[in-house]
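Asks: These two chains come separately, so use the hints to put the complex back together.
Protein chains in written order, with this note's numbering: chain A, 1 to 708; chain B, 709 to 997.
For the record, the hints were derived by calculation from the structure and aren't laboratory data.
By construction, the Cβ of each residue, glycine as well, lies at the ideal position given by its N, Cα and C atoms.
Please note that the accuracy of each hint is not assured.
Which residues of chain A face chain B? A partial, calculated answer using Cβ under 10 Å [as the list claims (entries may be wrong)]: (1) P14; (2) R144; (3) K145; (4) F189; (5) L251; (6) N304.
Computed Cβ-Cβ distance ranges for the label pairs, DEER-style [to be verified]: (7) A:R293 - B:D810: 37 to 43 Å; (8) A:P379 - B:L916: 55 to 61 Å; (9) B:D810 - A:R196: 23 to 29 Å; (10) B:P939 - A:F329: 42 to 48 Å; (11) A:A375 - B:K923: 54 to 60 Å; (12) A:A375 - B:E910: 47 to 53 Å; (13) B:Q903 - A:A333: 21 to 27 Å; (14) B:E933 - A:F329: 48 to 54 Å; (15) A:R528 - B:P763: 52 to 58 Å; (16) B:P763 - A:R293: 45 to 51 Å; (17) A:D205 - B:D810: 25 to 31 Å; (18) B:E910 - A:D476: 36 to 42 Å; (19) A:A479 - B:E933: 40 to 46 Å.
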Amino acid sequence: MPDLLFEIGTEELPSWYVDEGRAALAQLLEERLAAAGLAAEQVRGFSTPRRLAVLAEGLPERSETREELRRGPAAEVAYDDSGAPTRAARGFAQSSGVEPGALEIRDTERGRYVFARIQRGGDAASGVLPALLAGLVEDLPAPRKMRWADVSTPFMRPVHWLLAMLDDTVLEFEAAGVRSAATTHGHRFLAPGEVRLRHASSYVDVLREAFVLADSDERDEATWRAASEAAGAEGLAAHDDPALRAEVRNLVEYPVAVLGRFGEGYLELPDEVLSTVMIHHQRFFPTHAADGRLARFFVGISNNRVTDEDVVRSGYEQVLEGRLYDARFFWDADRRKSLSQHAWGLSGIGFQKDLGSMADKIARVSDVAGRLAEALDLPREERASLDQALPIFRADLSTDMVYELPELEGVMARAYARAEGLPEEVALALEDGVLPRGPGDRLPATRIGAILAVADRVDKVVGFFALGKRPSGSADPFALRRDGLGIARVLNAQGWRLPLADLVLEGAAPHRANGMEIPAEGEAEVERFLWDRVGSLLNEQGMPVPVVRAAVQGSRSVIDASRRAHLLRSLMGHEEFPDLMALYKRAANLARQEERRRNVKPGLFRNEYEAPLFEALPGARRGVEALLAQVREALPGWDLASPPASPLGELGDGVRAVLALKAPLDAFLDNVLVMVDELEVRGNRLALLREVTEVLRELGALDQLEGA
Amino acid sequence: MLFQDIMLGLDRFWADQGCVIALPHDTEVGAGTFYPTTFLRSLGSAPWRVAGVAPSRRPTDGRYGDNPYRFQYFFQYQVLLKPSPLDVQQVYLDSLYALGIDPHAHDIRFVEDNWESPTLGAWGLGWEVWMDGMEITQFTYFQQVGGFDCRPVSVELTYGLERIAMYLQGVDHAFDVEYAPGVTMGALRGDFEAQHCRYNFEESDAELQRLLFDKFEVEAKRLLELGLVHPGYEFVMKASHAFNLLDARGVLSQTERQNYVQRVRRLSEASAREYLSQLGELETAPEAS
Chain A
1 MPDLLFEIGT EELPSWYVDE GRAALAQLLE ERLAAAGLAA EQVRGFSTPR
51 RLAVLAEGLP ERSETREELR RGPAAEVAYD DSGAPTRAAR GFAQSSGVEP
101 GALEIRDTER GRYVFARIQR GGDAASGVLP ALLAGLVEDL PAPRKMRWAD
151 VSTPFMRPVH WLLAMLDDTV LEFEAAGVRS AATTHGHRFL APGEVRLRHA
201 SSYVDVLREA FVLADSDERD EATWRAASEA AGAEGLAAHD DPALRAEVRN
251 LVEYPVAVLG RFGEGYLELP DEVLSTVMIH HQRFFPTHAA DGRLARFFVG
301 ISNNRVTDED VVRSGYEQVL EGRLYDARFF WDADRRKSLS QHAWGLSGIG
351 FQKDLGSMAD KIARVSDVAG RLAEALDLPR EERASLDQAL PIFRADLSTD
401 MVYELPELEG VMARAYARAE GLPEEVALAL EDGVLPRGPG DRLPATRIGA
451 ILAVADRVDK VVGFFALGKR PSGSADPFAL RRDGLGIARV LNAQGWRLPL
501 ADLVLEGAAP HRANGMEIPA EGEAEVERFL WDRVGSLLNE QGMPVPVVRA
551 AVQGSRSVID ASRRAHLLRS LMGHEEFPDL MALYKRAANL ARQEERRRNV
601 KPGLFRNEYE APLFEALPGA RRGVEALLAQ VREALPGWDL ASPPASPLGE
651 LGDGVRAVLA LKAPLDAFLD NVLVMVDELE VRGNRLALLR EVTEVLRELG
701 ALDQLEGA
Chain B
709 MLFQDIMLGL DRFWADQGCV IALPHDTEVG AGTFYPTTFL RSLGSAPWRV
759 AGVAPSRRPT DGRYGDNPYR FQYFFQYQVL LKPSPLDVQQ VYLDSLYALG
809 IDPHAHDIRF VEDNWESPTL GAWGLGWEVW MDGMEITQFT YFQQVGGFDC
859 RPVSVELTYG LERIAMYLQG VDHAFDVEYA PGVTMGALRG DFEAQHCRYN
909 FEESDAELQR LLFDKFEVEA KRLLELGLVH PGYEFVMKAS HAFNLLDARG
959 VLSQTERQNY VQRVRRLSEA SAREYLSQLG ELETAPEAS
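Bound-form chain B, shown alone (with noise of 0.2 Å):
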């Protein structure tokens, strides 16, 4: 199977089960939860159920496009559904027959695997999916986001789409995975990997991503006290990102590092505030300890 055609099954079997299929969000994030519709989305009581591909970036995983699963810049498939439903492994079952995969055939494991994002004041449980031993999927239960409990909590589910189309057409690199009729992974990135690599541990400008950095996380604070929430989170994503390019160029002391993961923590928790505040539910929101 193409990888545009998982993309597109996927699109479609979630459509299906009442999902909005979502488009990237045109901010570097470094994983599909920190798109609006998710962060952003599984706070307050609302039901809300949406679905679709998210292009993550994560400098410090990037390996020059030479390690076959670890790369900088890749693609999730990311559903969140509030309240989750009961019924929701076997959901995520069914989706894998939308990919051609009968989990009869295989080995399926649901494997303990926990979730915390310090910079998203956000944790979870739940599992990594295993699939003959690969990790397909991660399947978390968010009991904490931006500082709040979660009432009701939602389930995400993140498809890793790299692996599982490696898998299913017995490739064993990411880039040599057919993406489109006679177009690879590899010749759409791969030098946008190796180049993007460069960048990021060998020749980004340290002093300007900590200039950077402290005009959005000023003009984040400025945002958000006017309580314009969504322009103010797109500087906390960005804040976020100059941050991950921070942490890659390798600048950054352990202490200094921590204090980074603070302020953007500070910054999602504020975010996450607003928003419940212009939901009216601010004073429902029970605030964790």
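Isolated chain A, as found in the complex (with noise of 0.2 Å):
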């Protein structure tokens, strides 16, 4: 059982693209291994900056051979008269390299037919796997590929060497202007020019000695433990940010930590801040002391071990130094005007062409922003904060740091209204009205900048839906999707009731008062919207789709909506509630018949199984009551991008109830002949019906949960 190992070395792969080529190329061999009959037992893949390479261990020697059917000419046109093969049976016989006596009749669907039986397969691995290879390199899936020179293949980045071995025997082919060897290169500096591998196997530990860690676990530890020593030095801890640290470990084949550290007079600038310039400018790891507090130490990892490291931190702190002495300006700068001084500025910036400039788009979200308060009932101390925050809303966006940090927006708003005095409520809604700032973002903390983050949110989606600027497919180039996630998961976690038509309808008034036409339409379309975003989050929690359907067209709010998923899960779990639904929908299939709606009269029931179930309504409604009040204290409000924080539990004695509809109903459904003649008891029985189906359409609509 042979290994195979393939590596295509590269210019520097962008960082993001070294975890993600790594596993397109491992899966886009073994695909193609399985394809050609040649399913390794294990494939590794392994990425460095500058290279991307797979293991394929327990090759088998030869591909598997597999029989195949391949069809002739018809029957009737195959044999003459006396049975023996025609012109055409021959010359298909030869093309599919049998004897003509070996063909066979078959009946088709359309007709007999002469099929020949092809043996396939059984090549040897080391005949199939150049051109199976060369092929990865014409097709390695990636976003975004380049040209070079005058090669023809595009790559991620040029293509300088194919290291492409079976055991110890080279596997030669050309690829994208280079031929295959049993040569590999070892890091850029540290162990410059080709090495040579003896067999496949042995890829990882040559590189290792050729100070690369080819392996990304091994780097990705490597890195850590390096920053973890250096920050130790100092008794303090590298920061742990997944992120960055992904990052910085497909920047280095070998990682080396180099500890810095710049002026103290810089820590008096936010935590943020440091941490920002620090990460998102240099990728270097902020430290910190036991007490969480930033420290004035940071550890770059270099990809070069130098005789002199004082070279290479001298370089790191200077540039550094210049970072935190432009964020020091700005940081002064800005607090020179308070933040309704930075407000003014918004006039100037610009949020859409047909929709004005951020003053424009701030002054529709206060108004928002303030129904929004009256429709939830804001306590008044609260709402005399968000009065206090609305007219300073954003105004971070015109300050010199946010211009040149946008990633600080929010954070500025906080750390310049702490600056200026303002009330802590205050200082942290501003920052929570930005939130979330993606997928994976947390969300405001605080009701006031909830509403604030709802009502930006909705101002933009809106609008831009009213502009005709929705997204398609694939394509959302305002990240409106993202906004209605924004929503939606703000919604959930406060757990407010508040029904998401009413929310649209609050988002477009601005706009309309502004004399922009939005018709009905218009509006159901992005309450569609947004309901789509609350089903893909519980999608993305694992719930089935039925269930999200039958919890979303049942409900008018979010969190309505994600309990009823919740419960209406749980109940499909019990053995009993499908049969219960099967009866549900024979119920709902018969109460449709009916369109008026009247009063069930007892006085009209002629058979003994109308009775049982008339009476067992009042239960039944009091189980379901029972199951949403059971539903709203288990699940107060939580983030939808992650499953509630505790789970929903046992069902209580709402369940029951519920289930003691289901014998009456059945001996009714099975007994009970309902479109009888007789007008008056026909409307009746139809009536009862309908009360069953309304009763337990309280739980969703339960007509989408077939098939859950």
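Replies: Shown next as structure tokens:
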């Protein structure tokens, strides 16, 4: 069982592609090997900034043999009257590589045909692999390939070498203008030049000797260990930021930690400013002391082990000081004005050409936020804080700091608000209002901030939809889906039972007041768009699609929908509930026959099965109410991007009360003929069924549950 | 190493690599990429190697000389190699020796940085080169120029000369860099920088620049239609600079700004088209989708 090694050596890949490309290459190789009948026992991927590699262990020596049936001419033209094969049959046999006598006749949907049995596969792996590997270079998926020189095969970055070995033998081929060989390359500076491999399986060890850690996990651990040790030397801890770690390890082949420091005076800058400058601009690890406070040391991960580390350290320090110098300059300059003064600058920042400036936008957001505060009955003190926050919401957009470091929007609003002595609730709300910035980001912690966050996003979504700029397919140039997801998550986390339709209406009002035409259908479209976001968040949490549909279609607010989804999933897991749903479906189909609503009249009961069902209704209704109350209590509001803080748990008495409907309903449906000639009796029976379905439909749009 | 010795060292190095050492073009540009020796010559199939200092003007980047790194007028060192040689990274690292930098003694990294110039209808993929955390060079494989796919692909290297000199001389501000013996960059350029910043941000006559832009645009179109690529393209550069001045003056709304960008882009594309046409390669040039 030989091992196959394939490495594509390139110029420095984008750091984000080092992981993505490794996974793509391993997957593509696995697929192609399987398709060629050469499935390996195990495929492992390796990658550094200068290489993507795969090791496929336990390959068969020869490709799997399999038999294929090839269809030839119709039977009637394949044999002459004497039963001898015709020229057509002989030609087909020859082209299929079998004797004419070996052809067989089979019935197919289109008639009788002759078939040849062809043996495929059994080819030596070493013969199949060169073309297969060349195909990987051509077809490796990548989001943005480039061309170089006059090479016709595009790739992520120019390809320099191809290492292809089956055990100890080179697999020879050419791709992207390069011939394959048994050589790889060591570290650009620490072990420059070609390194010869004796055997495919020695790949990782040979490269380690050449100062290249090809295994991503190994490099990640080495990076983190080096950073932690360097910080530890000063009694500090390196800041463990997974995204930074992933990026840093993919910027080096051999991590070497360098500890540096910056001027003490910069510590007066807010921690977030210092971290952002260190992380986003320099990919340095900030460090902090045991009390969590940021220290004036940082760790840079170098890709080179040099004789005089001070050279690298002083370079790092000089660059960082330059950046911090700028940041402190902005910090000082920005604080010369109050946030109210910065807010004046918003009229000079465009939001969208048909939707005006940021100042126009914030005016609309204030309007919406005010109405939401009314609708949510915000307590008076909070309302006062909201009113204080509104005129300066997003005013930090016109500060120099945010202009230079846009990722600090919100963070700076909070910092500047504190610096000018505004109340802490206001400062926190100003930052909360821009949350969540993306899928993994935290949500507003304050209620005022949540109102700002929702108002800001609904203004944008409604405005862009009204301009016809809605997302389609994979194209979402204005990130409206991200805004929609933000709205859904914030509403759910707050547990507000605010109908989405009302929210859209509030969001549309200021646009309408500005003379924008938004038809009712336009509002409905935005509402559907928001419900789709709720649905996708629930789906991502593993909620079955029919349950999500039933929950969403049966609810008006996000929190009601998400609670119903949890309730319905739990009910569907109950052994008797699906039976009740089957009965519900039959009842609902019958009840649909009657358009008119009328009250059930017990006096019109003609049969022993009608009264028991009617009498079971109040109990079932109480059961449904008990279930909804239980789920409201158990799930007080949570971030929809994660599971609820505590699971729903066992359903209580409510479920028994609802299931008590099963027996009488079953008996009714089996024994009562509903569509009798006597109209009054028929109408009464339909009214009874309608009541049954209405009671159950409080649980959600149960019609969606088929197949759940 | 003196600033002028850095420029001379790079000239010598790239001359030895077979480059034409071109003199700075005498029209204001935002970057060396605008030079006809880069923009036009990167088009078409003929091999081409050129290098040289490219003084550049970006009015919006001015900080009155206060910021150690940012200026409205600065020096790039610009290299264009067509087709891109496979060993270009190594050649680049060798060029650092010419500046007295031993790449083995530093942390040198090629960090993804893609480039796009909406006004030139051009984009490319590549890196910024970090030396001990400082960006010292932009490295770009041109994929598209003037709206045409590049065949073959050129590679462009742009050294940030001020930064490299600051590093080599261990000074904190570009104006403290010693340009020639006893002459600092600040002595040469300090007044020029501060006054131009004042002009760009406070005093430039926006109405005049709008008028000039319109006239330059008309003239560029007229000349390109006459087949006068080089004079025509010169007016494209002039129009682009007029736009940059308007931008710095803060008088353009977002929409207007976008509009100007599109107008310059159309002129750039027309220049590229006419240039390729005169090379007799318009038919074979792959137009980008």
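Asks: Next step is simple, just say for each hint if it's right about the structure.
Replies: Results of checking the hints against the structure:
no.: 1; hint: P14; result: holds, 4 Å
no.: 2; hint: R144; result: holds, 7 Å
no.: 3; hint: K145; result: holds, 9 Å
no.: 4; hint: F189; result: holds, 5 Å
no.: 5; hint: L251; result: holds, 6 Å
no.: 6; hint: N304; result: holds, 5 Å
no.: 7; hint: A:R293 - B:D810: 37 to 43 Å; result: holds, 39 Å
no.: 8; hint: A:P379 - B:L916: 55 to 61 Å; result: holds, 58 Å
no.: 9; hint: B:D810 - A:R196: 23 to 29 Å; result: holds, 28 Å
no.: 10; hint: B:P939 - A:F329: 42 to 48 Å; result: holds, 44 Å
no.: 11; hint: A:A375 - B:K923: 54 to 60 Å; result: holds, 57 Å
no.: 12; hint: A:A375 - B:E910: 47 to 53 Å; result: holds, 48 Å
no.: 13; hint: B:Q903 - A:A333: 21 to 27 Å; result: holds, 22 Å
no.: 14; hint: B:E933 - A:F329: 48 to 54 Å; result: holds, 49 Å
no.: 15; hint: A:R528 - B:P763: 52 to 58 Å; result: holds, 56 Å
no.: 16; hint: B:P763 - A:R293: 45 to 51 Å; result: holds, 46 Å
no.: 17; hint: A:D205 - B:D810: 25 to 31 Å; result: holds, 30 Å
no.: 18; hint: B:E910 - A:D476: 36 to 42 Å; result: holds, 41 Å
no.: 19; hint: A:A479 - B:E933: 40 to 46 Å; result: holds, 42 Å
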